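Residue numbers (my numbering), protein chains in the order written: chain A, 1 to 298; chain B, 1 to 298.
Think of the hints as simulated: they come from the structure by calculation, not from any bench.
Quantities reported herein were computed from a predicted structural model and do not represent experimental measurements.
Among the hints, erroneous ones may be present.
The list treats identical chains as one, so a pair stands whether inside a single copy or across any two.
[Stated by the list, open to error] Simulated pairs of lysine to any residue, SDA-like, Cα-Cα distance not exceeding 20 Å: (1) K157 / S208; (2) K23 / A222; (3) K236 / L261; (4) K202 / E153; (5) K157 / E218; (6) K149 / E3; (7) K202 / G163; (8) K113 / A88; (9) K23 / E3; (10) K113 / A164; (11) K236 / S268; (12) K157 / E201; (13) K236 / E105; (14) K250 / L289; (15) K202 / A164; (16) K202 / E146; (17) K127 / R227; (18) K202 / D144; (19) K250 / H292; (20) K202 / Y252; (21) K127 / R19; (22) K127 / L225.
Number of protein chains: 2
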Amino acid sequence: MAERIGFIGLGIMGMPMARNLMKAGYELVVHNRSQAAVDELVSEGAIPAASPSAIALQTTVIITMLPDSPDVRDVVLGEDGLIDSMDAGSLLIDMSTISPVTTLEVHQALAAKGVHALDAPVSGGDKGAIAGTLSIMVGGDATDFERAKPIFEVLGKTIVHVGAAGAGQTVKACNQIVVALTFEAVSEALVLGSKAGVDPEKIVQVLSGGLAGNKVLELRGASMLARNFQPGFRIKLHRKDLGIALDTGKSYDVALPVTALVSQMFASMVAHGEGDLDHSALLTHLEELANHQVGQSE
Amino acid sequence: MAERIGFIGLGIMGMPMARNLMKAGYELVVHNRSQAAVDELVSEGAIPAASPSAIALQTTVIITMLPDSPDVRDVVLGEDGLIDSMDAGSLLIDMSTISPVTTLEVHQALAAKGVHALDAPVSGGDKGAIAGTLSIMVGGDATDFERAKPIFEVLGKTIVHVGAAGAGQTVKACNQIVVALTFEAVSEALVLGSKAGVDPEKIVQVLSGGLAGNKVLELRGASMLARNFQPGFRIKLHRKDLGIALDTGKSYDVALPVTALVSQMFASMVAHGEGDLDHSALLTHLEELANHQVGQSE
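Only chain A is shown next, with the shape it has when bound in the complex:
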């Protein structure tokens, strides 16, 4: 009989991850805030559940993939939350990107009932979720990590146990810093070079070959030049993630001057109604500053 897993949060990331688990032979019991996603997955063979608590009655391993810290707190600790029904010895794998502080709060509340927990945020975007090639950064006990590993191997390619509870979220915050600042770097370069008269495709081509090379150029360079800013990963979520990084920095007295500056740029974009664009649209903020559109007809 197929192993049964609970899955809560069927968004742009959670939906393809759940599908990959079903394709790999797992039986899924699913719950989502909006019912349409549940119905879609049920039509593909998943079992619906009316609440997180109802999932916990049917499964011993539950994955959560939710937007933000309050969502995870609600689903685990709130009314009809997982904590009401999870048995001692069962395992929560939270793959959301949330605050390390909330992660520790959740870990501790569950531990008091003998429930195990891993924080296992991912990187790689919707493309990585669909392809099953996510990077997964896991915090928690080594035995729990080994238990969850077959599941991670369905969802991702780079799977690393990075430390104790919360370490996964810390590394994810580091990841989001580097991704955001790389978009900023590429955007400043493209606006400068393009306004100075160079074909931006040449810039992408040359920079990819040297020490400036990065995955943003490789995976998003073409779509940025094509001015395709459909998410992908939304500005408002990346802004949330930089907020987590800055809060973590505040907790540990770490100054993050450029993270702070780029976070302010994201905030301005949200204020201008651009929060639902892909994070690569940071390019348009730099274009706005320079009153110049990259790749426009001369």
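Take the given structure of chain A and dock chain B to it, following the hints.
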């Protein structure tokens, strides 16, 4: 008979580039401000020349690889400069990283004498120079680019004709923006994650696998964690390059907020006597701000 090339500027980049050309069968006539480098290369078979002008009497293709705009202006337009002796139809390939403004000045002065010129700055550092795997971004006429291509193919791997005179320098400025901001991104991530208690090697490992992946992590991550900040490419030169980027931005009304901020960090490091460290030492500036050393014993 071997084709003869002039080569001026035998520094950390120029020396291995000259050696690769000699290995490929070119006969080199060389000049350098400090004589020791000339003597070294002469012992390997190169022909010494007492001045740039003396090189121009013996060759029709000349490469310059010099530290900054004034050096190129001096070597080409100054006393005993190339312009005194270069014949019409001969070709100057300036592979230095200098201001696009100086590049245009040099191109125009040479063009008035019928001398052809390419700006062909490189990326890839001393490692790329030694391995012959540089990225070369070339500005100038297409026929001159084709003429120089066999030489570029000895020195580099990614060789792109990016546009008219000056375009090579513009793209190099873009490259230096992305490299500097990537060092900043990686440094903020490493200091945050490490001070929050995560093994920095795990951070490098995980970030390399996703959208945060970049060549800085791949090629310099290990040396940064080993605290090896020997150049490589010096802070003071990268600061010079960001100055070129900011000047170019000023010429074209392009705001480069993060380039400006990181340039100020480099300036502070130069003020603290750290200008001769490798640019990866930007990490130490962020460590200083957070009063925390990445990878120190707990």
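Going down the list of hints, with the structure as the test:
In this assembly of identical chains, K157 and S208 lie within 20 Å of each other by CA distance solely across copies; the values are 12 Å between and 23 Å within a copy. With identical chains, the CA atoms of K23 and A222 are never at most 20 Å apart, being 31 Å at best within one copy and 38 Å at best between copies. In this homomeric assembly, K236 and L261 come within 20 Å of each other (Cα to Cα) only inside a single copy, at 15 Å, whereas the closest approach across copies is 24 Å. In this assembly of identical chains, K202 and E153 lie within 20 Å of each other by CA distance solely across copies; the values are 18 Å between and 37 Å within a copy.
Taking the closest pair of Cα atoms, K157 and E218 come within 20 Å of each other both inside a single copy (18 Å) and across two copies (17 Å). Taking the closest pair of Cα atoms, K149 and E3 come within 20 Å of each other only inside a single copy of the chain (14 Å); across copies the shortest separation is 60 Å, beyond that limit. When the C-alpha separation of K202 and G163 is checked against a cutoff of 20 Å, the pair qualifies only between copies, where the shortest distance is 9 Å, while the shortest distance within a copy is 41 Å. Taking CA atoms no more than 20 Å apart as the test, K113 paired with A88 passes inside one copy only; the shortest distance there is 6 Å, against 86 Å between copies.
In this homomeric assembly, K23 and E3 come within 20 Å of each other (Cα to Cα) only inside a single copy, at 12 Å, whereas the closest approach across copies is 62 Å. In this assembly of identical chains, K113 and A164 lie within 20 Å of each other by CA distance solely inside one copy; the values are 19 Å within and 69 Å between copies. In this assembly of identical chains, the alpha carbons of K236 and S268 lie at most 20 Å apart only when taken from the same copy (10 Å versus 34 Å across copies). Taking CA atoms no more than 20 Å apart as the test, K157 paired with E201 passes between copies only; the shortest distance there is 18 Å, against 30 Å inside one copy.
In this homomeric assembly, K236 and E105 never come within 20 Å of each other (Cα to Cα): the closest approach is 24 Å inside a single copy and 46 Å across copies. Taking the shortest alpha-carbon separations for K250 and L289, only the inter-copy value of 13 Å comes in at or below 20 Å, while the best intra-copy value is 29 Å. Taking the shortest alpha-carbon separations for K202 and A164, only the inter-copy value of 12 Å comes in at or below 20 Å, while the best intra-copy value is 44 Å. Proximity of K202 to E146 under the C-alpha cut-off of 20 Å is restricted to the inter-copy arrangement: shortest distance 17 Å between copies versus 46 Å within a copy.
Taking identical chains as interchangeable, the C-alpha atoms of K127 and R227 lie at most 20 Å apart only when both belong to the same chain, with a minimum of 18 Å there against 35 Å between chains. In the homo-oligomer, the alpha carbons of K202 and D144 lie at most 20 Å apart only across protomers (18 Å), although the nearest pairing inside one protomer, at 48 Å, exceeds that limit. In this homomeric assembly, K250 and H292 come within 20 Å of each other (Cα to Cα) only across copies, at 14 Å, whereas the closest approach inside a single copy is 36 Å. For the identical chains of this complex, K202 and Y252 are inter-copy neighbours only, at 19 Å across copies versus 42 Å inside a copy, given an alpha-carbon limit of 20 Å.
With identical chains, the CA atoms of K127 and R19 are at most 20 Å apart within one copy only, with a shortest distance of 13 Å there and 44 Å across copies. Taking the shortest Cα distances, K127 and L225 sit within 20 Å of each other inside one copy (19 Å), while across copies they are farther apart (31 Å).
Checked against the numbered hints given earlier, the structure breaks hints 2, 13 and satisfies all the rest.
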